[in-house]
Structures are given as structure tokens and as C-alpha cells.
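K.L.:
Those protein sequence lines, which keep their order, are chains A and B.
Going by the numbering used here, the first sequence opens with residue 1, and the numbers climb by one from there.
Going by the numbering used here, the second sequence opens with residue 1001, and the numbers climb by one from there.
Where hints are given, some of them may not hold.
Stated by the list, open to error - Cβ pair distances, simulated, as ranges: (1) G152/A with K1259/B: 35 to 41 Å; (2) G152/A with D1252/B: 38 to 44 Å; (3) K1057/B with N243/A: 46 to 52 Å; (4) C1024/B with K172/A: 56 to 62 Å; (5) G152/A with Q1048/B: 33 to 39 Å; (6) D1076/B with M174/A: 52 to 58 Å; (7) Q48/A with E1181/B: 36 to 42 Å.
As the list claims (entries may be wrong) - Straight-line C-alpha distance at most 25 Å; calculated DSS-like pairs for lysine-lysine: (8) K259/A with K193/A; (9) K202/A with K1259/B; (10) K1202/B with K1247/B; (11) K1095/B with K1185/B; (12) K1259/B with K149/A; (13) K202/A with K254/A; (14) K168/A with K202/A; (15) K1254/B with K1193/B; (16) K1049/B with K49/A; (17) K149/A with K202/A; (18) K1095/B with K1057/B; (19) K149/A with K1185/B; (20) K1259/B with K1185/B; (21) K1217/B with K1172/B; (22) K259/A with K1149/B.
These are calculated hints, taken from the structure and not from any lab test.
The model shown is predicted, which means the values in this text are computed figures rather than measured ones.
The beta carbon of each residue, even a glycine, is placed where N, CA and C say it ideally should be.
Protein chains: 2
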Amino acid sequence: MRVLVTGASGFTAHYLLKLLAADCRLELHLADCASGAPGKIMSCDLTQKGEVEELIKGIRPERIYHLAGSFTNNYDIDYPANVLSTKNILDSLLKLALPSRVLLIGSSAEYGLVNAGDNPVNEDQPLRPCRIHGLTKVYQTQLMRFYCKVYGMDLVMARPFNLSGEGKRISKLMFIGKVHEQIEKIKNGEISKVIVGNVESKRDYIDVKQAVKFYQKIMEHGIAGEVYNVGSGRSIRMRDLLNLLLKEAGLDMKVVEEKVLPVADQTDVSEIYADLRKINGL
Amino acid sequence: MRVLVTGASGFTAHYLLKLLAADCRLELHLADCASGAPGKIMSCDLTQKGEVEELIKGIRPERIYHLAGSFTNNYDIDYPANVLSTKNILDSLLKLALPSRVLLIGSSAEYGLVNAGDNPVNEDQPLRPCRIHGLTKVYQTQLMRFYCKVYGMDLVMARPFNLSGEGKRISKLMFIGKVHEQIEKIKNGEISKVIVGNVESKRDYIDVKQAVKFYQKIMEHGIAGEVYNVGSGRSIRMRDLLNLLLKEAGLDMKVVEEKVLPVADQTDVSEIYADLRKINGL
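Go ahead and model the full structure; you've got the sequences and the hints to work with.
P.N.:
This is the structure we're talking about:
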């Protein structure tokens, strides 16, 4: 079976590819926008319709794990990366009349403002994003539903909560990545403090190795048009997570400097964790 | 009070401006993307951030009726016209720190697939658009909610059902406009038949003169972040509407040729009409 993985040089793909490579029935094709990506990863700017069409035409994938995307919270970056890239893939499949199954990656940021009592949040929770990244992922969800309904496409969506894993692999835009970067700098004597913002919020962290197993499960068994939470089903206070990360590095909270933002960030969600009944029922 | 109206040379604006002009406290500023628009209508391509900023900076409007938009069902046209134009206006207001109240125009097409039992549809009905135009209007709704929540902006939204009014003013992309155009051609001896598709669906038609009164009401009394249906609260079968239009022109159903689409259009909604309790409660 011909499988295309986009965002193939990214954090998540690193783990997904290990999983997929174990299945010798799969013929893996990898694409990423990063030019000079390692190995046999093809370079493709997924925001460019023509490039995507060429890619899809060349591979004729039967399955697509569309991991590529961005979370910069800059609309001019996240809209093309998260919405247009998806639209280009779906339009190419339509044009070429390929009945591929596509796994799209949403985000728990789509839920946005959840009240404490809404936890664990299930997939029917209203989507009230409060970050640009989450807003563009909501667009992507709407786009998926549209293409399923109108064109009968075979699309499924994972809605991952926060991913954890090796610090050095995680993007520096994420909390773990930011902390890891500063810990490394402390070890190298470049800085003496780990500076963080609010660490009182509680978030659902799932190990990326478990997350990609869920992605595979959704690809294999998910119902077309449906969204599935991917999380651990429990929350951890960011402060406790920070403590764990420091401990692993042989440091403690003494190196931490908490910076309270000048204006209270009213859009910060105090606690969110996933209801996993839907994915566990697959 | 300085009021900006976008889409000022369009069908709806023709009627809204009559209403607003009667209020001498208002200082009206008009903008449209159409170059060479009549009267004192400024030309502004609302999809261009820079042009929008200049426009907003020049007027410093206290109220904006954002009527501009498109319904071509071509994503590459409707996305910039319906989503980016709105984003450019909101970003300009943020940048200039103007606390303007903005009325945005959604669409009943956002509801998309409603079941017969869902009628009359209220504003909390799930949004399941089945046309590109409706999809982009859903994006716009998400964008509005985001800007209200995150930036505390003063935005309200009308969700109009089908507008009726003088045939010659209505866009030829709309059913009434299409029928009117063909009636005119019959009168001129250019064609002998009015060709229509499925006319069995039932739709909520509201006279544009009443619709703009609702728009004004939402602008005056609507709650920030809220969406209000604008409709008649009842449905009319398209066949009966067609009959009425023909009658007005001194013709009858004998001139009509119904073309059944080769593939059943499964995304066509058989009946939809508005629940008006929310707007009537304002």
C-alpha cells in the first residue's frame, strides 16, 4: 500500500515513521516543505496547489498522513500551512479521482475556552479557540467535514492534546521545547535562569509514541468524517511538568524565574484534558 | 456618528443606505471594490490589508456595516472576499485602537444540511455548510467569535436567509436574479424558455427592505459576539416563487423548462426557514 506522510522531517513524523516502517506491506513516501530534508524526503511546498498536484500524481497514495502544519499563531503562516495545504491535498485527490484515506491533524487548541466543568472534553464540545493556531485548525475541521459531506471523501481527523517526548526533538514554540532549550543553555553556561510564564494551568500531555499509535488506529479504524481526541485523559500542572523536566536534567526549581505577563492573559484556559472514550471505542 | 458601509454599490446597500440616509446624525462613508462606483463611493480592495488600513485611518468610523462579500462558490474568490476582507477590517481597527462597532453579514448557507425537523432553525443549530460560500461564511463566524473573545471587539453578526426584492437589482447568481434575467430576455424576444433546476425545495425569503431594518436593529441593539437570524420565519416553495415572478411579468409556468441535474444533488436542502425569536427579542 502506498502511503504518503507529509511533514515527514518533523517531530511527530520521527515517531510515526518508526511505527509505519515496521509494517513491510507499506510503501512509504515522505514529503516536507523543508528543502534539504534528510534521506529520501521530497521537498514540496504544500501551500502551492501545483506542487501538491505533482506530488500526489507521482505517488498516487492510498493513504496520507498529513502531519505538516504550523502553530506560530501568525495567521499569515498558520492559515496557508494548516488550511490551504489541506485544501490542496484534497483538491488534488478529487481532481485525480483518487479514493485515498487521509488522516488530518487537528488540535485541542480548537476547544479553546473550556470551563473546568467541561472536563474531560469530548469531541462534541463547542469549538471556541483563543489562539490563531486553534482558529486555523477549526477552519481545517470545517473544511474536512465539507469535503466528506459534499464529495464523500474518506477523511478522518485526530485532535491531539499536548505532545511530550524528547526535549531536543520538540519545537521550541512548545512549552517543553522552550524549557529544554533553556536547560541546555544553562548546562552550557550560557544562561543561569529558566524563564517561564504562567505555569499554574493544567494540560493533557500525551507521549508522542502513544500519540502516533492512536494516529495509526484512527487511520485503520476511524469512521470517515469523524474527529478523535488523542490525549492521555488526565491533566498535569505545568509547574509539575517543569519540575520533572528539571529533575531529568539534574536541576531544580531554584533555576526558574516566573514572569507574570503584564496584562492578565484572560484567554488562558486553566485546565483541559481529553475524554478518550471515542478513540478507545475504535 | 461616522458610519462606513462596505459593498456600498451592491444590492443590499442600495436599500440600507436609504434607511441610514434618513438619520441625519449619521455621517455616511461608502466603499466598494468596484472601481468607478457611482456617487461618492470610494474604491477599496478589501482583500488588500494596506488599502483597508488607509480607508479606516481616513474615516475612523464608529460603526461599520460590512456588506461586501461574494457568493461565487469559488473558494479562491469567496475566501478572500468573505474572510480576508473581514480580517483586514478587524486588524485595522485593532491597530488603530478604534472601538468601532462592526456588523458582519453571515449566511443561512452556514447551516447547510438541516433536517426537516430542525425547522425553524435557530442560531445554535450546528453549522454544516454544503457550498463553498457557506463554508467561507462559517470561517467568518469563527473569526468574529475569536476577535470578540480575544480582543474584546464590539462585533455583531446578521445571518440572512434568502433576500428578495426587485429582480433587476438582484445578482444573477441568485435564483430570483437568474429568473429575472431570463424573463427580460423573453420579453426582448431573445429566448423563449426560462430554464431552472430543482424548484421543489422550500426556502425562507425575506424582502431586502425588511432585512436591512433588521441589520440596523442588530447594529443598534445586538449583543457583541452574537449572531442573529434575519429571515421571514416561513418558507416558500421555489416553484411558487417562480410562479409569482412570472405572474408579475405577465407570464406563466408554460415558459418554464425544468432541467433535472444529471446527478442527484444530495447536498440540496429540502426545506429551511428561520427561527426569529432571537432578533425579535432585541
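K.L.:
Checking each numbered hint in turn, tell me which of them this model violates, lowest number first.
P.N.:
1, 6, 9, 11, 17, 19, 21
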